[in-house]
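Protein chains: 2
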Amino acid sequence: MNQPSKSASTVKDFLLSALTEENRFQNTEAFKNWFTRKKQENHFSVEQIPFSSLQQWYFEEETQNLKHASGRFFTIEGIRINTNFGPTQCWEQPIINQPEIGILGIITRKFDGIPYFLMQAKMEPGNVNILQLSPTVQATKSNFTQVHGGRLPPYLEYFLDRRKSRYLVDQLQTEQGGRFLRKRNRNMIVEVDHEIDILDDFCWLTLGQIKKLLKEDNFVNMDARTVLSCIPMPDSLTFGKQSMEDILQESGTSRLDNFSQSLLGSLFCHEERACKTTDEIISWFTELKTKYHITVERIPLKNVKRWKRTNMEISHEEHPLFSVIAVSVEAGTREVFSWTQPLLKEPQQGLLGFITRKINGVLHFLMQAKVEPGNIDIIEIAPTVSCSAVNFKCQQGYHIPFLDYFLNAAPQQIRYSAIQSEEGGRFYHFLNRNMVIELDEADAIDLPENYIWMTLGQVMEFLKHGYMNIDTRTLLSCIGFKH
Amino acid sequence: MNQPSKSASTVKDFLLSALTEENRFQNTEAFKNWFTRKKQENHFSVEQIPFSSLQQWYFEEETQNLKHASGRFFTIEGIRINTNFGPTQCWEQPIINQPEIGILGIITRKFDGIPYFLMQAKMEPGNVNILQLSPTVQATKSNFTQVHGGRLPPYLEYFLDRRKSRYLVDQLQTEQGGRFLRKRNRNMIVEVDHEIDILDDFCWLTLGQIKKLLKEDNFVNMDARTVLSCIPMPDSLTFGKQSMEDILQESGTSRLDNFSQSLLGSLFCHEERACKTTDEIISWFTELKTKYHITVERIPLKNVKRWKRTNMEISHEEHPLFSVIAVSVEAGTREVFSWTQPLLKEPQQGLLGFITRKINGVLHFLMQAKVEPGNIDIIEIAPTVSCSAVNFKCQQGYHIPFLDYFLNAAPQQIRYSAIQSEEGGRFYHFLNRNMVIELDEADAIDLPENYIWMTLGQVMEFLKHGYMNIDTRTLLSCIGFKH
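If you're matching them up, the sequences are chains A and B in order.
Numbered according to our numbering, the first sequence spans residues 1 to 483.
Numbered according to our numbering, the second sequence spans residues 1 to 483.
Hints may be right or wrong, so weigh each one.
The list makes no distinction among identical chains, and a pair is therefore deemed to hold if it is satisfied within one copy or across any two copies.
[Said to hold, decoys possible] BS3-like, lysine-lysine: derived pairs with alpha carbons at most 25 Å apart:
1) 482 to 38
2) 6 to 464
3) 141 to 291
4) 110 to 482
5) 291 to 302
6) 241 to 305
7) 6 to 241
8) 291 to 164
9) 39 to 6
10) 110 to 32
11) 276 to 164
12) 212 to 110
Don't read these hints as lab results, they were simulated from the structure.
Kindly produce the complete structure, drawing on both the sequences and the hints.
Okay, here's the thing in structure tokens:
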């Protein structure tokens with residue numbers, strides 16, 4: 001390809017931003033001071049309350065489903081699952097039902113040729129540290145239609161009208177299939193080319209700065225991570241290896257570390273060097289979708305077997321899995337808002353991890369086809385390990401394939417490790433350790449039928465068509481090219 | 001790319017076969033004689049019968065759904081639809097429910113380096129001409145599990161065991177979203193490299209021969225067409241234009257006609273010459289999926305409003321749309337099989353058509369995002385026009401966008417035109433005229449929001465991820481490269 005296409009120049013711009021940690025408005029330290037000041041300026045309080053103290057939320061008489069008086073937002077209901085996948089083939093559980101497509105969106109604008117991302121310091125009641133770095137917009141359909149009676153979210157117009165911005169990323173992506181019933185959001189990145197008002201809790205950051213913040217625990221929220229995961233990465237289609245060298249030079253990056261070079265190799269690799277061709281991956285996925293079935297029947301919350309409700313929580317009779325709780329929230333600076341709402345509490349930490357390993361000299365990622373009740377179409381592709389309540393499951397002797405590789409990882413194998421939070425608007429203190437480890441090229445491992453090695457280029461190709469679940473995407477967003 | 005990848009050599013082999021009409025076993029005329037003999041040898045009779053004469057099939061007391069005594073095969077039930085797409089936003093109708101993934105598969109084997117396809121002369125009760133050319137295998141899960149009590153379909157083992165063949169195409173693809181509830185099949189092409197027994201009703205044909213037969217009315221059945229539509233076409237990823245010239249030479253093809261050359265241009269075109277990039281097409285699709293919703297509620301057949309049942313058919317009170325009928329079937333040569341079953345009768349011919357047109361010198365296809373009640377995920381991509389009961393709708397003054405282009409097409413605009421049958425195991429005499437027309441480069445047309453121009457390469461790229469509906473695929477299968 002001689003002249004760069006629209007896609008190629010977009011990929012190049014994103015890459016330049018990812019390699020840039022300098023910021024013409026504020027360096028990362030100044031940003032952090034600003035962020036800390038935001039925390040101090042604002043008044044926040046989140047308290048667990050009895051269900052009977054919920055305002056506007058109530059247990060519907062007939063079903064005991066937990067609902068909002070407006071009939072909107074989300075409901076907590078029950079489901080009964082039957083599947084032939086995994087060790088437990090039949091169970092019942094509560095689930096969040098929110099059958100609307102929301103918008104998670106980030107505005108970008110180029111300064112000196114480098115795209116900056118408009119990020120928000122945003123509080124969510126379930127966040128372990130209250131304030132996290134969030135996308136420009138997190139809007140549910142209830143927001144557009146103003147069920148709250150509140151304001152229309154700022155900047156939303158740039159995501160609703162193609163004449164106001166250029167849409168660079170615009171994909172439907174799913175949320176947690178174990179907690180949400182068929183929920184997904186429109187993940188968007190749009191570009192403006194003129195000055196826009198920057199509101200109080202917002203600031204411009206380069207992608208390089210955000211990638212650096214992703215190395216810290218619980219700093220960048222889930223909504224930001226899923227949007228960032230959709231950013232196209234460079235490959236041999238968009239531009240050649242030589243242009244890649246030029247871009248590195250242009251960004252003042254003299255040398256990438258070894259793992260970053262492996263990542264680039266995994267993006268630029270031609271299909272014949274990958275373990276599986278695209279068609280073979282589709283065949284693997286097709287076979288599993290044909291083999292595995294799952295039926296998910298919606299049932300009244302009151303009928304969910306083995307779960308009990310007190311005035312403080314709805315929880316499993318034996319297992320310390322998630323529970324449903326209620327909180328009261330106060331937040332604001334001058335004007336104080338207060339409300340009550342239910343949240344899903346996840347008492348124990350989970351683990352999301354990629355095993356990576358060079359095969360034929362090319363870095364591959366070990367991916368897992370996973371059936372979850374909230375999935376829209378039976379199976380999505382999860383990371384090597386995606387396991388909630390790790391300690392409990394280890395104590396009980398659950399067999400989680402490949403978990404031991406992460407629990408026993410030697411420091412020199414660890415390419416990424418940080419704790420990240422799930423969405424604080426629905427989950428209370430739901431934390432997962434996110435890890436990427438690299439095995440030796442010689443460490444061959446046997447794969448169960450629902451695991452497959454993919455190059456990073458292949459992972460990104462399937463991601464844009466919606467195959468990758470939220471756990472895969474959150475891990476991908478944490479991957480950066482390091483100097 | 002210097003050395004051909006696995007994908008590239010597969011694409012090349014398929015292309016060689018598509019350009020080959022010579023057959024070392026029998027030329028096309030000899031094949032046709034064989035096919036005619038098959039028709040004569042066999043005894044077939046299909047007769048419409050009253051529902052009360054159905055054996056094994058019955059109307060369930062509570063719902064009046066039409067079911068098989070075994071509880072398997074399919075059922076005819078009712079659905080109630082609510083959508084914000086299209087002029088009719090709320091209706092009820094009968095639908096076929098068959099919640100299983102079947103296998104439609106073709107075995108290939110190379111002779112003198114050219115892949116041959118193992119095709120079957122197969123009768124289906126709903127076929128207007130009884131016998132049509134069918135894939136090697138059409139198997140429902142009921143077939144595997146032998147609900148019939150009959151034989152296991154021959155050759156099925158090559159599609160169930162990767163050790164017995166090489167899987168070249170293996171994709172989940174949907175069926176008619178207006179007639180089937182979330183039905184799809186695994187579409188497979190597998191290669192064997194050793195001699196296999198050729199049973200009585202089977203024969204080897206090159207892809208070029210099959211493409212030639214696709215120019216005739218009602219010769220190649222729907223199941224064969226959907227499998228053939230998944231065959232990867234050449235593009236700049238798999239090999240360059242120069243290798244393309246070599247392949248044409250290798251196959252003895254001196255010159256392709258103009259439209260075939262346009263098709264190749266539409267496959268090899270770089271993204272920057274296409275109207276929309278892949279990401280822009282995904283964005284278009286995402287926006288429509290966010291905007292349009294459809295809820296499909298399963299209801300008892302007895303409750304379906306505006307449909308009435310007599311002992312001979314279930315039909316709409318006013319409109320000559322499809323109806324449900326029952327038939328008794330006798331078929332066989334030495335051994336005669338007989339059975340009864342319901343079918344969907346489609347009394348009027350439909351029309352499926354692509355408008356194509358060069359834009360910036362590159363041939364583009366006009367594609368339509370369409371919401372149908374049986375779709376698995378709201379929207380699939382249909383051809384420019386996909387319209388049942390054309391005469392009735394014209395008389396009633398329905399507005400079908402772009403239909404007039406086909407009804408008034410000048411002979412020199414028509415690139416393909418033939419009548420093709422829908423699946424004769426479920427549909428009785430359901431015929432659609434399939435057309436491809438080419439407009440002048442100067443004929444600009446305004447597009448409603450749910451239409452988009454795509455290159456043939458883009459159509460094929462989205463096809464393998466399951467975006468293209470059966471109508472799009474059946475038209476694509478008819479496209480060939482002509483000398």
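Hint check:
no.: 1; hint: 482 to 38; result: neither (29 Å within a copy, 68 Å between copies)
no.: 2; hint: 6 to 464; result: both (17 Å within a copy, 24 Å between copies)
no.: 3; hint: 141 to 291; result: between (36 Å within a copy, 11 Å between copies)
no.: 4; hint: 110 to 482; result: within (22 Å within a copy, 49 Å between copies)
no.: 5; hint: 291 to 302; result: neither (32 Å within a copy, 34 Å between copies)
no.: 6; hint: 241 to 305; result: neither (57 Å within a copy, 63 Å between copies)
no.: 7; hint: 6 to 241; result: both (18 Å within a copy, 23 Å between copies)
no.: 8; hint: 291 to 164; result: between (46 Å within a copy, 18 Å between copies)
no.: 9; hint: 39 to 6; result: neither (40 Å within a copy, 56 Å between copies)
no.: 10; hint: 110 to 32; result: within (22 Å within a copy, 65 Å between copies)
no.: 11; hint: 276 to 164; result: between (41 Å within a copy, 19 Å between copies)
no.: 12; hint: 212 to 110; result: within (20 Å within a copy, 54 Å between copies)
Of the numbered hints given earlier, the model fails hints 1, 5, 6, 9; all others are met.
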